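Residues per chain are reported as follows:
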Amino acid sequence: MANLTINGKPFTLDVEPDTPLLWAIRENAGLTGTKYGCGIAQCGACTVHLDGVAMRSCGISVSEAEGKQITTIEGLASGKTLHKVQEAWIAQDVPQCGYCQSGMIMAVAALLNEKPKPTDADIDEAITNICRCGTFQQVREAIHTIASA
Amino acid sequence: MNKHISPRLNRRAFVIGTAAVGAGLAIGLDLPFGGPAVVRAADGSPEIGAWVVVRPDDTVVIRIARSEMGQGSLTGLAQLVAEELECDWTKVTTEYPTPGQSVARKRVWGDFSTGGSRGIRSSQDYVRKGGATARVMLIQAAADAWKVPASECRAANSVITHTPSGRTTTYGKVAEAAAKLTPPADVKLKDPKDWKLIGKGVNRLDTADKTTGAMIYGVDVKLPGMLNAAIKDCPVFGGKLKSFDEAKIANMKGVKKVVKVGDTAVAVVADTWWHAKTALEALPIVWDEGDNAKVSSESIAKWLAEGLDNAQPAYVGNKNGDAKAAIAGAAKKVEAVYSYPYQNHATMEPMNATALYTADKCEVWCGTQNGEAAFAAVLEASGLPAEKCDVHKVMPGGGFGRRGQTDYVRQAVMIAKQMAGTPIKLLWSREEDMAHGRYHPITQCKMTGAFDANNNLIALHYRLSGQSILFSLRPEALQNGMDPAAFQGVAQSGEAAFGYSVPNLLVEHAMRNPHVPPGFWRGVNVNHNAIYMECFMDELAHAAGQDPLEFRRKLMGNHPKHLAVLNAVAEKIGWNTPAPQGVYRGIAQVMGYGSYVAGAAEISVTEGSKIKVHRIVASTDPGYVVNPAQVERQVAGSFVYGLSALFYGGCTVKDGKIEQTNFDTYNSMRINEMPKVETVMVPSGGFWGGVGEPTIGIAAPAVLNAYFAATGKRIRHVPLRDQNITLA
Numbered sequence: 089m090a091n092l093t094i095n096g097k098p099f100t101l102d103v104e105p106d107t108p109l110l111w112a113i114r115e116n117a118g119l120t121g122t123k124y125g126c127g128i129a130q131c132g133a134c135t136v137h138l139d140g141v142a143m144r145s146c147g148i149s150v151s152e153a154e155g156k157q158i159t160t161i162e163g164l165a166s167g168k169t170l171h172k173v174q175e176a177w178i179a180q181d182v183p184q185c186g187y188c189q190s191g192m193i194m195a196v197a198a199l200l201n202e203k204p205k206p207t208d209a210d211i212d213e214a215i216t217n218i219c220r221c222g223t224f225q226q227v228r229e230a231i232h233t234i235a236s237a
Numbered sequence: 098m099n100k101h102i103s104p105r106l107n108r109r110a111f112v113i114g115t116a117a118v119g120a121g122l123a124i125g126l127d128l129p130f131g132g133p134a135v136v137r138a139a140d141g142s143p144e145i146g147a148w149v150v151v152r153p154d155d156t157v158v159i160r161i162a163r164s165e166m167g168q169g170s171l172t173g174l175a176q177l178v179a180e181e182l183e184c185d186w187t188k189v190t191t192e193y194p195t196p197g198q199s200v201a202r203k204r205v206w207g208d209f210s211t212g213g214s215r216g217i218r219s220s221q222d223y224v225r226k227g228g229a230t231a232r233v234m235l236i237q238a239a240a241d242a243w244k245v246p247a248s249e250c251r252a253a254n255s256v257i258t259h260t261p262s263g264r265t266t267t268y269g270k271v272a273e274a275a276a277k278l279t280p281p282a283d284v285k286l287k288d289p290k291d292w293k294l295i296g297k298g299v300n301r302l303d304t305a306d307k308t309t310g311a312m313i314y315g316v317d318v319k320l321p322g323m324l325n326a327a328i329k330d331c332p333v334f335g336g337k338l339k340s341f342d343e344a345k346i347a348n349m350k351g352v353k354k355v356v357k358v359g360d361t362a363v364a365v366v367a368d369t370w371w372h373a374k375t376a377l378e379a380l381p382i383v384w385d386e387g388d389n390a391k392v393s394s395e396s397i398a399k400w401l402a403e404g405l406d407n408a409q410p411a412y413v414g415n416k417n418g419d420a421k422a423a424i425a426g427a428a429k430k431v432e433a434v435y436s437y438p439y440q441n442h443a444t445m446e447p448m449n450a451t452a453l454y455t456a457d458k459c460e461v462w463c464g465t466q467n468g469e470a471a472f473a474a475v476l477e478a479s480g481l482p483a484e485k486c487d488v489h490k491v492m493p494g495g496g497f498g499r500r501g502q503t504d505y506v507r508q509a510v511m512i513a514k515q516m517a518g519t520p521i522k523l524l525w526s527r528e529e530d531m532a533h534g535r536y537h538p539i540t541q542c543k544m545t546g547a548f549d550a551n552n553n554l555i556a557l558h559y560r561l562s563g564q565s566i567l568f569s570l571r572p573e574a575l576q577n578g579m580d581p582a583a584f585q586g587v588a589q590s591g592e593a594a595f596g597y598s599v600p601n602l603l604v605e606h607a608m609r610n611p612h613v614p615p616g617f618w619r620g621v622n623v624n625h626n627a628i629y630m631e632c633f634m635d636e637l638a639h640a641a642g643q644d645p646l647e648f649r650r651k652l653m654g655n656h657p658k659h660l661a662v663l664n665a666v667a668e669k670i671g672w673n674t675p676a677p678q679g680v681y682r683g684i685a686q687v688m689g690y691g692s693y694v695a696g697a698a699e700i701s702v703t704e705g706s707k708i709k710v711h712r713i714v715a716s717t718d719p720g721y722v723v724n725p726a727q728v729e730r731q732v733a734g735s736f737v738y739g740l741s742a743l744f745y746g747g748c749t750v751k752d753g754k755i756e757q758t759n760f761d762t763y764n765s766m767r768i769n770e771m772p773k774v775e776t777v778m779v780p781s782g783g784f785w786g787g788v789g790e791p792t793i794g795i796a797a798p799a800v801l802n803a804y805f806a807a808t809g810k811r812i813r814h815v816p817l818r819d820q821n822i823t824l825a
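Sequence order for the protein chains is A and B.
Counting the first sequence from 1 gives a position; this note's numbering is that position plus 88.
Counting the second sequence from 1 gives a position; this note's numbering is that position plus 97.
Please keep in mind that the hints were generated in silico from the structure rather than gathered at the bench.
Note that the coordinates shown come from a computational prediction; the quantities given were computed from them, not determined experimentally.
Using N, Cα and C, we set each Cβ at its ideal position, and we do this for glycine too.
Check the hints yourself; a few may be wrong.
[Unchecked claim] Label-pair restraints from in silico Cβ distances:
{"hint": "1", "chain 1": "B", "residue 1": "Lys707", "chain 2": "A", "residue 2": "Pro204", "range": "30 to 40 Å"}
{"hint": "2", "chain 1": "A", "residue 1": "Lys97", "chain 2": "B", "residue 2": "Asn300", "range": "25 to 35 Å"}
{"hint": "3", "chain 1": "B", "residue 1": "Asp752", "chain 2": "A", "residue 2": "Glu152", "range": "51 to 61 Å"}
{"hint": "4", "chain 1": "A", "residue 1": "Thr169", "chain 2": "B", "residue 2": "Glu647", "range": "32 to 42 Å"}
[As the list claims (entries may be wrong)] Taking beta-carbon pairs under 7 Å as the criterion, some of the chain B residues facing chain A (in silico):
{"hint": "5", "residue": "Met166"}
{"hint": "6", "residue": "Asn300"}
{"hint": "7", "residue": "Ser393"}
{"hint": "8", "residue": "Ser396"}
{"hint": "9", "residue": "Met445"}
{"hint": "10", "residue": "Glu446"}
{"hint": "11", "residue": "Gly494"}
{"hint": "12", "residue": "Tyr738"}
[As the list claims (entries may be wrong)] DSS-like cross-link-like pairs, simulated, lysine-lysine; straight-line CA separation at most 27 Å:
{"hint": "13", "chain 1": "B", "residue 1": "Lys773", "chain 2": "A", "residue 2": "Lys168"}
{"hint": "14", "chain 1": "B", "residue 1": "Lys709", "chain 2": "A", "residue 2": "Lys172"}
{"hint": "15", "chain 1": "B", "residue 1": "Lys319", "chain 2": "A", "residue 2": "Lys168"}
{"hint": "16", "chain 1": "B", "residue 1": "Lys754", "chain 2": "A", "residue 2": "Lys97"}
{"hint": "17", "chain 1": "B", "residue 1": "Lys669", "chain 2": "A", "residue 2": "Lys172"}
{"hint": "18", "chain 1": "B", "residue 1": "Lys709", "chain 2": "A", "residue 2": "Lys205"}
{"hint": "19", "chain 1": "B", "residue 1": "Lys773", "chain 2": "A", "residue 2": "Lys205"}
{"hint": "20", "chain 1": "B", "residue 1": "Lys337", "chain 2": "B", "residue 2": "Lys319"}
{"hint": "21", "chain 1": "A", "residue 1": "Lys172", "chain 2": "B", "residue 2": "Lys416"}
{"hint": "22", "chain 1": "A", "residue 1": "Lys203", "chain 2": "B", "residue 2": "Lys773"}
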């Protein structure tokens, strides 16, 4: 059993303590917006926020996540008001297949929280997610658009 | 589920329809008095031809047969239909017909296959006609109601106007009447100069759900009572499953069943996928690896190298003059051997499919690039007839050619068949996905060029040795044993024609098929042929003491479209002006998938091995550009894919297995390594070329030629990872 707080809501999940947070979120909490890509914290498709910090949920056990505020892509918007990153992603048509974009958006949201006006170098350092469709150009442009708003 | 998933049928109409046509699956047919049958969508709205459904509120639902996988075709195809339909673009939505529905209606939506950059170019004619047909019927219905000639009416933005009187109505209001009309036998398509929506970079129709986690990919499918399966197929291709000891994992949490999947694989079915995967890893498995376990990258390379020997048999793909004789008697010769490795598609979403099998029905939910091939796989694996099977396409997390294959669909059905009545979601681990790709084929190439005393190129011998994709996947497409696709980019004519005139030319392929299964990998044979030819062209230019651009231009007089994109890219990069201090340029061109493309790069090299790509430019002439914003994204994305393969890709073989297991050993470019891609579109009109793939081939040779300009060293083998050359 694990007691998790996901998107502000309490969840009591029937999982072993070493279950990766990713799978508890997807299979036990039923929130499938967070994606599986590699399982070894390389690709970033599973990125969520733990107490506001972007983390790769495939590499964290549920026991490590207990007591922390977990935010997934489903919890990024405030009610029906989308987060500014989601809005920019729609306006600038960032996603291609979109599979990596939940993780990409969570990583960018955390970056902008820390640095509202990131430089290209800041983006290079903070955004290390893999996108096989190659949306990097639109990702960078959208971040700068948000920063200059 | 979301709006891009298959249309739900109107059950009542479906029953009547089935009885009326006396055949299995049909989208509902009304039985009107007089006039043809009205076909209805799930909500009861009428079809105006197979491609268009109009709802009373003027919403237009456009049917899309090809698969969206990120490349934007769903939006582009909808633009093509909407252009001719003259509907309100802001009220357009889309849906996929299922392959089962298509089969039942005599393939009214044509080919579902989405590969070879065909999505737009191979459907543009009939989908535009689908839109035009619906427009004519809607206008006719309004004219009939007004009792005026249709020729006095026009349509724009879903509004029909009777020009003389100024009366208006909307598509939604006349849809019912239009659906009862006999479709016109022939319709005239617009002149391209009158296009309003085609050529416009409108936003994609499928973006919003991708930003909120709401988009359903195959991996996200949920069905009541569903169980999850993890699978291991024999890691040596061609090997078999000998035995497994299920007692060892029977008591592990969540495990429901351990099943054999064909002769080669075993799957664990559990309540969650995490439990299934954990138990599978603990399952003792014995493989019968067979003789292929002796194969290694070294043994494959040796076998391919033997094929470069002219004494070995080879297929001739392109020839004029007598290259061998001309080379023998030439004043100067240049020779080089290049190679290109296996590559995994590594789609972000690993292969998966969800299957529900009962005694009289088998349904599958999956991301696929070829709904009809997936459907055929379901029929075969389930043993059920077509009317009892169907495939529901969901969004694939990347395709790149991998999801044109149906191995994962077949496996899901084989597991579900052993657990009748229970929906089974089969998901491959990333490790399984790396171990069981359908890999970019492996090749080597020996090229010999010869010059006369005045440094004119008089002969070129291009000898490929290596794997044929068609031999493995589509043997019926071989021509007397030859794989014509092996010559993509260096072919005599057609959609991937060679762009140079050389008086004595010999292009040939010594086919050698190792046991590693090849597949169509974005760009396919253009990838290696473009590297080989364009890097060697650079070698020839330097051997002749000529500028690489000027050297090419002299050979391209008879290939104006190839030359035009090369000129466009040269102008954009500023070829005739000096590069910044420490920055060096490379250039390349090729034709593939009916489009002419060229690329140019500016790089700097530090410590002899660290490459920084400062600028990279692409030009493309695909004939027509349907959505420039999406073309720009496809070009940039293709460069990420192509350069990732150049720097970090490459799958190696040891003991008959692929050695790379995950993104730690098969890396992919990140944002910090990717320069802005500058795309120049020069559509010349009059033909329809592809977009998703052609440009991938020119990124690598442009960078490799720039590396030579910077260092004086040639890189002739991919990936650069193995030569300790990295991105800075």
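Structure-based check of all given hints:
no.	hint	in the structure
1	B:Lys707 with A:Pro204: 30 to 40 Å	holds, 32 Å
2	A:Lys97 with B:Asn300: 25 to 35 Å	holds, 33 Å
3	B:Asp752 with A:Glu152: 51 to 61 Å	violated, 37 Å
4	A:Thr169 with B:Glu647: 32 to 42 Å	violated, 58 Å
5	Met166	holds, 6 Å
6	Asn300	holds, 5 Å
7	Ser393	violated, 25 Å
8	Ser396	violated, 30 Å
9	Met445	holds, 4 Å
10	Glu446	holds, 5 Å
11	Gly494	holds, 3 Å
12	Tyr738	holds, 6 Å
13	B:Lys773 with A:Lys168	violated, 34 Å
14	B:Lys709 with A:Lys172	violated, 32 Å
15	B:Lys319 with A:Lys168	holds, 24 Å
16	B:Lys754 with A:Lys97	violated, 46 Å
17	B:Lys669 with A:Lys172	violated, 34 Å
18	B:Lys709 with A:Lys205	holds, 25 Å
19	B:Lys773 with A:Lys205	holds, 20 Å
20	B:Lys337 with B:Lys319	violated, 32 Å
21	A:Lys172 with B:Lys416	violated, 58 Å
22	A:Lys203 with B:Lys773	holds, 22 Å
Checked against the numbered hints above, the structure breaks hints 3, 4, 7, 8, 13, 14, 16, 17, 20, 21 and satisfies the rest.
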